[in-house]
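Asker: In case you want the letters, here they are:
Protein chains: 2
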Amino acid sequence: MADHASTSGRLIKAPENFISPEGARTVFAQAKSGRRDFIRAAFAAAAAGTATTAVRAQSNPVPSEGGDPNILTNPAHTAGLGQPVVTDGYGKPSKYEANVQRRQSPGLTQTAQASVSFAPMQSLFGIVTPSGLHFERHHQGWWDVDPSKHRLMVNGSDDKLVKTPKVFTMDELMRLPSVSRFHFIECGANTGMEWGNVAVPTCQYSHGMISCSEFTGVPLKMVLDMCGVDYKRGRYVLAEGADGSSMTRTIPMEMVENGEVLLAYGQNGEMLRPENGYPLRLVVPGVQGVSWVKYLRRIEVGDQPYAAKDEAIHYIDLMPSGLHRQYTSIQECKSVVTTPSGGQVLLDKGFYNISGLAWSGRGKVTRVDVSVDGGANWRTARLQTPVLSKCLTRFNLNWVWDGKPALIQSRAMDETGYVQPTYRQARAVRGTRSIYHNNSIQTWLVQDSGEVKNVQLS
Amino acid sequence: MADHASTSGRLIKAPENFISPEGARTVFAQAKSGRRDFIRAAFAAAAAGTATTAVRAQSNPVPSEGGDPNILTNPAHTAGLGQPVVTDGYGKPSKYEANVQRRQSPGLTQTAQASVSFAPMQSLFGIVTPSGLHFERHHQGWWDVDPSKHRLMVNGSDDKLVKTPKVFTMDELMRLPSVSRFHFIECGANTGMEWGNVAVPTCQYSHGMISCSEFTGVPLKMVLDMCGVDYKRGRYVLAEGADGSSMTRTIPMEMVENGEVLLAYGQNGEMLRPENGYPLRLVVPGVQGVSWVKYLRRIEVGDQPYAAKDEAIHYIDLMPSGLHRQYTSIQECKSVVTTPSGGQVLLDKGFYNISGLAWSGRGKVTRVDVSVDGGANWRTARLQTPVLSKCLTRFNLNWVWDGKPALIQSRAMDETGYVQPTYRQARAVRGTRSIYHNNSIQTWLVQDSGEVKNVQLS
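Here the protein sequences line up with chains L and S, keeping their order.
Just so we're aligned: 281 in my numbering is position 281 of the first sequence, and the numbers increase by one with no gaps anywhere.
Just so we're aligned: 7 in my numbering is position 7 of the second sequence, and the numbers increase by one with no gaps anywhere.
Source of the hints: derived by calculation from the structure; they are not laboratory data.
Do not take every clue at face value.
The calculated lysine to aspartate or glutamate pairs, modelled on EDC-like cross-linking and capped at a C-alpha distance of 20 Å, are [stated by the list, open to error]:
hint : chain 1 : residue 1 : chain 2 : residue 2
1    : S       : K95       : L       : D144
2    : S       : K92       : L       : D144
3    : L       : K92       : S       : D88
4    : L       : K349      : L       : D448
5    : S       : K95       : L       : D88
Computed from the model, here is a short list of chain S residues facing chain L with C-beta under 10 Å [unchecked claim]:
hint : residue
6    : H77
7    : A112
8    : P120
9    : R175
10   : Q304
11   : P305
Every residue, glycine too, gets a C-beta built ideally from N, C-alpha and C.
Only chain L is shown next, with the shape it has when bound in the complex (with noise of 0.2 Å):
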């Protein structure tokens, strides 16, 4: 049998050795023991130029391997007994996954708990998010917070706009009918380092300031209905959460009358985790994360937007003229291929699964495009199902690599008819000097030597 991926000499230049030597230390070190990151990223070395022989590696017939099944696997496996149920009532991924986890980037932020850790885009399948990998975003730090003593209040911004304020418990709002949906959340600023010319490294830290969760909750609507507002005047509501940052953002109320906008406390099947907001937290589908707040303990109806601290001068875009776009809060139309992406090394030339996730704040996602020359030529991708509209959506599409240096793109499209522009789009009418709302075409750069880099094409 050829070689395979795990004993080559070409080892994957890891996300971590951006910021972490330690980190690299580790990857190289697993890296050389076989661990996923470097399985999934470096695929096999000896497939071949073309779809139908890629897997040319592993045609050995069977006897070349003695014919003894014992050596499929380690016999110590199949001699013996393993490890009892409910060792841990709460299991934990295999102990050849610890690389896959959140990474903080410590240059960003000054302190840890006004920080952000990024999602290992690289590594992830399908849609969902696991609880685990979530992306993080504090502005001053997370809580565990007791869900019995936990309230929510709604009341007014005047006494004429709620007829009757309420404060909720917990177990009062958990008895309501509930609801449960997919939904992606996205920091405003995912990708924002890309405005200017700084191409960061990987697709984690480029891209991984997204997740996908099924959420489950309570739509505000029926707490509002429950409290009496007055939708004529009581246009916007103010969402308030209970962590030191006391964040404050306004959603307007259309969002709220259609049913989307939900007091969740479900994710993933379990109750939401404390560092996203447990044990209750605003989903406002399709719109940035900073708007979802955590540990929400207030809702209060008004007759205008609010204009908080981070509303009015924070999650802003300076644009070229030099003024500033406020509440531009809606996440457009976006995608990423995450494999093959920065970090990544390719062995081989031959058959490769380009893979990636597209999303849009305005609906489902209804096409996916593929380049691998830069934008000059497209192929549409393959969209897994089901669907789902402001929730995340793997597109795959089938790849052979000449062994020359190759720009892979990903151009998606929302049922709006919406495109993702392009860089070159995206500055000619928003500049470089902003920070949030980044939604271009990403590019890779796949080397001759296999090492995908991110590039911007200007």
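Fit chain S to the given chain L structure using the hints.
Answerer: For chain S alone, coordinates are given in the frame of chain L:
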């Protein structure tokens, strides 16, 4: 503000006290401090008798709270600095959720290596089962298999059935075109104790051998094509696992040919968990879990069923005639109300959201009816979208409890027109000596005390 559930004198009868005094004490202590199971199960005490006033307990206006927003949460949260990002690169549930876990029934099996842990059905939301709570069923314990050493062999039972037998590494499999699909997996023995008159007290123990995940992998058909299978003669495959039980199961080729059977490595966005077959398991949608062979190391193509131990003498159905049914592996349409369910307590009459899960091994669930009077009258529940084939479907129904005894049931239908049977109907055909394949309608008795019990209507 009225007393809420967490300070009420009525405590949930937790699943744990069925088997574990320690567990029961934990629940008792946690219930008093307002843990979530309790919140969900026990509901608020002060709700009134109709749906429209069901949240009367919540109707105290804000002034009665003193108007101080700090009453809404622990002031420490808003005054202090919380926890930093990435304290653990892989996150965990809240400490207040520690009691939401898989549980073993010690009396059920003689060793913990050939045993079961049940998923906490009564605590789950939506359709995704968190991988940490996915039920376990091991025949000889679980292993954390090194993926760099794991192999999958594909061969034929004779030289002509497979033209080119192959041995695949994990990296070779993972570079192939992949698909991701949401499917349930149910142990054939789920709800098995109910065939007789053993009414186990909670939904965790009666129905907790089912879970649902987004699986990612390669269609087995693609790999068989690569090996050159003679599909005319090769009408069966044998799947073999690498653990000590050497599990082998026959899969009819027609299930493989439609592309549904997967060689899966991904589960809910990450790699399979060790307890669930890391790094490779077979996914056989709609079929009982035993066929989803874990630690999959070999696929053999044959021209007849293999009559392996676990299909000839286990996982068979003992009929009233004394004969066994073999190969009855498709999980028929079934449903269960998870809230309220056995072991929970309704603290007062008033509004409740009846919630549950439905599924069918033959396709999509088309309708779920719910009865609160033991089947005399039925109302159609709301089905949570997306409704996917061979996947869990969440249903919900509003209910106002009048404080009198109620018999809660759910009855699912699938796209074949099949209707979930009553126990009486199932026993008329199957008798009472089976272990496997019980998809009868479950009945929960709500007593006038509010306590919910598992009962069997004869």
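Asker: Look at each hint and say if it fits the structure.
Answerer: Okay, the hints, checked on the actual structure:
| no. | hint | verdict |
| --- | --- | --- |
| 1 | S/K95 with L/D144 | 7 Å, holds |
| 2 | S/K92 with L/D144 | 11 Å, holds |
| 3 | L/K92 with S/D88 | 13 Å, holds |
| 4 | L/K349 with L/D448 | 9 Å, holds |
| 5 | S/K95 with L/D88 | 15 Å, holds |
| 6 | H77 | 5 Å, holds |
| 7 | A112 | 3 Å, holds |
| 8 | P120 | 9 Å, holds |
| 9 | R175 | 5 Å, holds |
| 10 | Q304 | 21 Å, violated |
| 11 | P305 | 21 Å, violated |
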